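Number of protein chains: 2
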Amino acid sequence: MRYFKAIVEYDGTNYHGFQRQPNAITIQEVLESSLHILTKEEIKIIGASRTDSGVHACGQVINFETKTPIPIQRIRYAWNNCLPDDILIREVKEVDDEFHARYYSKGKIYEYHILNKELPSTFKRNYSYHIRKKLDSASMLKAAQYLVGTHDFSSFRASGCGANTTVRTINSFKINRIENNIICRVDGSGFLYNMIRIMVGTLLEVGFNKLQVKEVKEILEAKDRTEAGPTAPAHGLRLIKVKY
Amino acid sequence: MRYFKAIVEYDGTNYHGFQRQPNAITIQEVLESSLHILTKEEIKIIGASRTDSGVHACGQVINFETKTPIPIQRIRYAWNNCLPDDILIREVKEVDDEFHARYYSKGKIYEYHILNKELPSTFKRNYSYHIRKKLDSASMLKAAQYLVGTHDFSSFRASGCGANTTVRTINSFKINRIENNIICRVDGSGFLYNMIRIMVGTLLEVGFNKLQVKEVKEILEAKDRTEAGPTAPAHGLRLIKVKY
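Protein sequences, first through last, are from chains A and B.
When we follow our numbering, the leftmost residue of the first sequence carries the number 18, and every step to the right adds one.
When we follow our numbering, the leftmost residue of the second sequence carries the number 18, and every step to the right adds one.
So that you can see chain A by itself, here it is in the shape it has in the complex (with noise of 0.2 Å):
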């Protein structure tokens, strides 16, 4: 048996999200598909982060095991010619059997993109939530500020998230206006359900004046989803780097 980890960029758009599920297209699925093309097996893929409906992804990873005997230089170009041209592999490499993608990851990188203008973009339509009114981006980045560290976020988890715990670690926190573009990029430990597009839906309140700076720190505290923000929208996030 060979253990794969590979790397995927996809643009979620048209999928369900990341998980296989019945009734729906999702990029599991889709990979599953292509690998059973590519080899003839029934092949079993992990992947790191459950990305949600319309998430996108840079730099999602999973791993798998297979009999296939392709060499390694050949698997990425042959899968590619298997998966339709919104999913990419972008890097396969062999590791050992114990690599598991979500188990081993030790971080995770996501950026929500904002685009801060009158008009929409058609171009950008898919790729960026487009708000009309000025945000004060400098307050959003003095707010995100009381986010990081190691806190308890139940106040940013929905009502879905199932997890054991509730205290995450954010290493950092930057937000970045470029003309008409602000991307807000969050380095974590891992993330509860919804828990960026929670903070990112309550920083735009504070971007719209809505909320002062140091109520995000109050917020926080409440450890009470009600206090916080409405959920952004799915399609301005996307998965850029798990770390090992």
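Hints in this document: simulated from the structure, not taken from any laboratory.
Check the hints yourself; a few may be wrong.
The list treats identical chains as interchangeable, and a pair is accepted whether it falls inside one copy or across any two copies.
To be verified - No farther apart than 30 Å at their CA atoms in a straight line, the calculated lysine-lysine pairs in the DSS-like style are these: (1) 22 to 234; (2) 61 to 84; (3) 141 to 110; (4) 84 to 150.
Values in this document were obtained by computation on a predicted structure and should not be read as measured data.
With chain A held as given, fit chain B onto it using these hints.
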């Protein structure tokens, strides 16, 4: 009667070009349907450029007449609400009854986008032509300068072109590389059918070192389509601006 000029942006991926045709959805048809929803009138629009299937626009210009009483400052917002999110009205203004988007045009600017790196990008797959092999963009730029000026562009005209004259003027032809992105920007008086895509297809042969720089001059002088390179694919092309 009131007369309007509008600037339109669109992602051409899901359309069979600009011009209305039976049995296939086009930009013109969707714009006319949206004006019908808005005004309850049967409105025929005139577009400055008949962009092909898959070609995009940031600055297509259209004109039309209507009896609608909607105030000018409300039209753009109301109209955009009647359109799908891959077509966007950027600007609307009232003009005099003589204005004609095509006849009044003094020139057009197009861009052709190339992604020049080993792996494609799932996010740019509809907006940029992916070329794996490293292109010599400096030689492409040199060769492109032979095309600047007033010339007979018969060599760069697709067989279906019904234009009366094959003489056109190119004011400038810039080719700029920023990291892995190459943007070819052409400013001209007007263009024959597929002219930009055939020019780009020919310059790509120079970029691949299959043609020498000076051979582009010979191809232009041959006035023979079979001397030029292949037609570059539609999805790399976008109409940037129509000049009046």
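A quick look at each hint next to the structure:
1. Taking CA atoms no more than 30 Å apart as the test, residue 22 paired with residue 234 passes in neither setting, with 39 Å inside one copy and 50 Å between copies.
2. For the homomeric pair residue 61 and residue 84, the shortest alpha-carbon distance inside one copy (13 Å) is at most 30 Å, but the shortest distance between copies (62 Å) is not.
3. Proximity of residue 141 to residue 110 under the C-alpha cut-off of 30 Å is restricted to the inter-copy arrangement: shortest distance 25 Å between copies versus 32 Å within a copy.
4. Taking the closest pair of Cα atoms, residue 84 and residue 150 never come within 30 Å of each other, the shortest separation being 55 Å inside a single copy and 32 Å across copies.
In terms of the numbered hints stated before, the structure departs from hints 1 and 4, listed from lowest to highest.
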